[in-house]
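Visitor: Chain by chain, the residues:
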Amino acid sequence: MPALQQKAEIIRSEKLTDDICRFTVQAPDIAADSRPGQFVMVRAAEGMDPLLRRPFSIHQVRDGGLLQILLKVIGKGTQALSKMQVGQHMDILGPLGRGFTYNSKHHHYLVGGGIGIAPLLFLAKQILKKNEPSTINVLLGARAKDEICTLVDDFAGMGLEVKVCTEDGSLGKQGLVTDLMAPLPDENPAMVYTCGPYPMLRAVVGVCRDKNWACQVSLETIMACGLAACLGCAVLRADMNGYVHVCKDGPVFNADDVAWL
Amino acid sequence: MAVEQPDMKISIGSLRLKNPVMTASGTFGYGEEYASLVNLNLLGAIIVKGISLLPRKGNPPTRIAETACGMLNAIGLENVGLERFLSEKLPFLQDISTPLIVNILGDTVEDYQQLAKRLNEEEKVAALEVNISCPNVKQGGVAFGTDPHMAHAVTKGVRQHFKRPVIVKLSPNVTDIAEIALAVEEAGADAVSLINTVLGMAIDIDSGKPKLANIFGGLSGPAIKPIALRMVWQVAENVSIPIIGIGGIATPEDAIEFLLAGASAIQVGTTNFINPKATEEIIHGMGTYLREHNIASIRDLIGRARHT
Ligand SMILES: Cc1cc2nc3c(=O)[nH]c(=O)nc-3n(C[C@H](O)[C@H](O)[C@H](O)COP(=O)(O)OP(=O)(O)OC[C@H]3O[C@@H](n4cnc5c(N)ncnc54)[C@H](O)[C@@H]3O)c2cc1C
Ligand SMILES: Cc1cc2nc3c(=O)[nH]c(=O)nc-3n(C[C@H](O)[C@H](O)[C@H](O)COP(=O)(O)O)c2cc1C
Ligand code: FES
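Heads up: the sequence lines are chains A and B, in that order.
Once you know that position 196 of the first sequence is 196 in the working numbering, the rest is easy, because the numbers rise by one and skip nothing.
Once you know that position 82 of the second sequence is 1082 in the working numbering, the rest is easy, because the numbers rise by one and skip nothing.
Treat the hints with care, since some could be wrong.
[As the list claims (entries may be wrong)] The calculated lysine-lysine pairs, modelled on BS3-like cross-linking and capped at a C-alpha distance of 25 Å, are:
#1 A:K248 x B:K1277
#2 B:K1211 x A:K76
#3 A:K7 x B:K1277
#4 A:K248 x B:K1117
#5 A:K163 x A:K105
#6 A:K76 x B:K1209
#7 B:K1117 x B:K1163
[To be verified] The calculated label-pair distances, taken between Cβ atoms and stated as ranges, are:
#8 B:A1305 x A:A144: 55 to 65 Å
#9 A:G47 x B:T1288: 20 to 30 Å
#10 B:I1215 x A:R202: 40 to 50 Å
#11 B:E1237 x A:G47: 28 to 38 Å
[Stated by the list, open to error] On the chain A side, residues computed to face chain B include the following (Cβ under 10 Å):
#12 R43
#13 G47
#14 A229
#15 L236
No wet-lab data here; the hints were simulated from the structure.
Glycine included, every Cβ here is placed at the ideal spot set by N, Cα and C.
Input sequences plus hints: build the corresponding full structure.
Guide: Here's what the structure looks like:
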């Protein structure tokens, strides 16, 4: 799957909340090769400030060579991107990295927090190609209702059971996503696929270890290239002896392959 | 008569290049990483990530911070080491027609000599680029590139063991870069390349801590171009060996500025991350410039700003 660069026309832009938007772009060559959990590097602006491309998970791939990214405004790069309009072109590099691996032997738990839910929709769709909806549980956490209600509908629309919690209790149970995991029956063998803020990932990995469930995590680091060239995206290996690189060895890792600090 | 096919060829010692555009070490992996994005055979030369005798793990994260029109890096010279370079990375590069330049680094003069000796046996390695911005562990960790005597010693050591061109890559973190350039010329370098990254730092005001785990890092990208250009000019005033200009080059216009200041060739670094096709675009754009200005050879640009 070699990386390609495309100037992709924005054909739809949805504002899900004040600071979260979803872009649908025409990127047939990149979309054709994309796997769930892979990412793209997007040029935030034409000029030199902000300079570096920004990494985003591939949120969904749709018929007709369409690719979606779900974007939350954090700083100046995402701010500039969020202002892009239908008809403009996004400079996209991808697909990059190693995505999730899945097979039909497992019961699948998709556990997402906040903007980390982005890659899980694509994953669910792929798993459903060969598996019944009953083999998938979706557990989502967010700060408040507006952050995730569109996404909850998207999963539900695929016939999946979705359990939700919010920190303020505005949707689903009040609490953290690990609270949703704790009472689940011990389906085995099970595979947990998780993406979200680092403290959440660490907590999810902890629950998985207690339940003896296998777990794949999608990690985030600052990246300059996304192409395994700069070596900037290092994270400590589980044996604490050297580093793996998120853009090449990940962003999806077996939870046991990286150190949890 | 109008120039239709300008001559883009340049020489670095005995090395003949089809054009003056190279990839800067550490910004282009081992070439393979960019194979689907750039036509590697069009490039003047490919310079690979710095290689040491033994593999290096590099620094703990965070290793990168973006700054205004630039970035800081503290990768810590992570690399696969000489043996894995030869067995895993070199085979791919053998099939590329573009000359390969290997960037080397070491802790001691002996390290550099051993690297030079082994790489001399590999025909595909057209030249060495010696990174002297590393600490000399036998001299209290002072960087080789900040002391004319140590810079001389490393260059001489490599020169003895490598029969093809030796390029010495200079650090800008010195008081007088011309003095270092003179020392390595005297020691037998065929060319100098400059600049390596400029020492800097950034602080996260939310955590109240430095952004890089290493505290300090090397600044690169468009932000450093004026510094690099000034240093190329100063070195050109003092040495007669070819100069390879590096620092913030993003466009054909940037590259031409470096030639006018006295560089014979240029390297593209950080820009590869943002625009992977930049090298190709720069080669193309330089050709267009020569045609538009009716200049027959790219060599006619070298140092032209100095003669007026
Ligand atoms: C593999 C991967 C997938 C991602 N997927 C998504 C996604 O689907 N949707 C989404 O909204 N965000 C995603 N992110 C996070 C997103 O890349 C950052 O929020 C974004 O880079 C912030 O840029 P900024 O200019 O707005 O922020 P600033 O803080 O101004 O950025 C400064 C620098 O830090 C980097 N940076 C800041 N936060 C992060 C972060 N969390 N991860 C990596 N780099 C960061 C920036 O890229 C930039 O180089 C992903 C990150 C990675 C590594
Ligand atoms: C991430 C990164 C890694 C680098 N690694 C090396 C290296 O291994 N050896 C070396 O001599 N220079 C290294 N450099 C320096 C570049 O080759 C170049 O001299 C510098 O970045 C300035 O050029 P630029 O502004 O075009 O990037 C590195 C630079 C960056 C940004
Ligand atoms: S982001 Fe450059 S090596 Fe991973």
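Visitor: All the hints need checking, so say for each whether the structure fits it.
Guide: Here is how each hint holds up against the structure:
no.	hint	result
1	A:K248 x B:K1277	20 Å, holds
2	B:K1211 x A:K76	17 Å, holds
3	A:K7 x B:K1277	13 Å, holds
4	A:K248 x B:K1117	32 Å, violated
5	A:K163 x A:K105	23 Å, holds
6	A:K76 x B:K1209	21 Å, holds
7	B:K1117 x B:K1163	9 Å, holds
8	B:A1305 x A:A144: 55 to 65 Å	59 Å, holds
9	A:G47 x B:T1288: 20 to 30 Å	22 Å, holds
10	B:I1215 x A:R202: 40 to 50 Å	26 Å, violated
11	B:E1237 x A:G47: 28 to 38 Å	33 Å, holds
12	R43	7 Å, holds
13	G47	9 Å, holds
14	A229	4 Å, holds
15	L236	7 Å, holds
The structure does not agree with the numbered hints 4, 10 stated previously, though it agrees with the rest.
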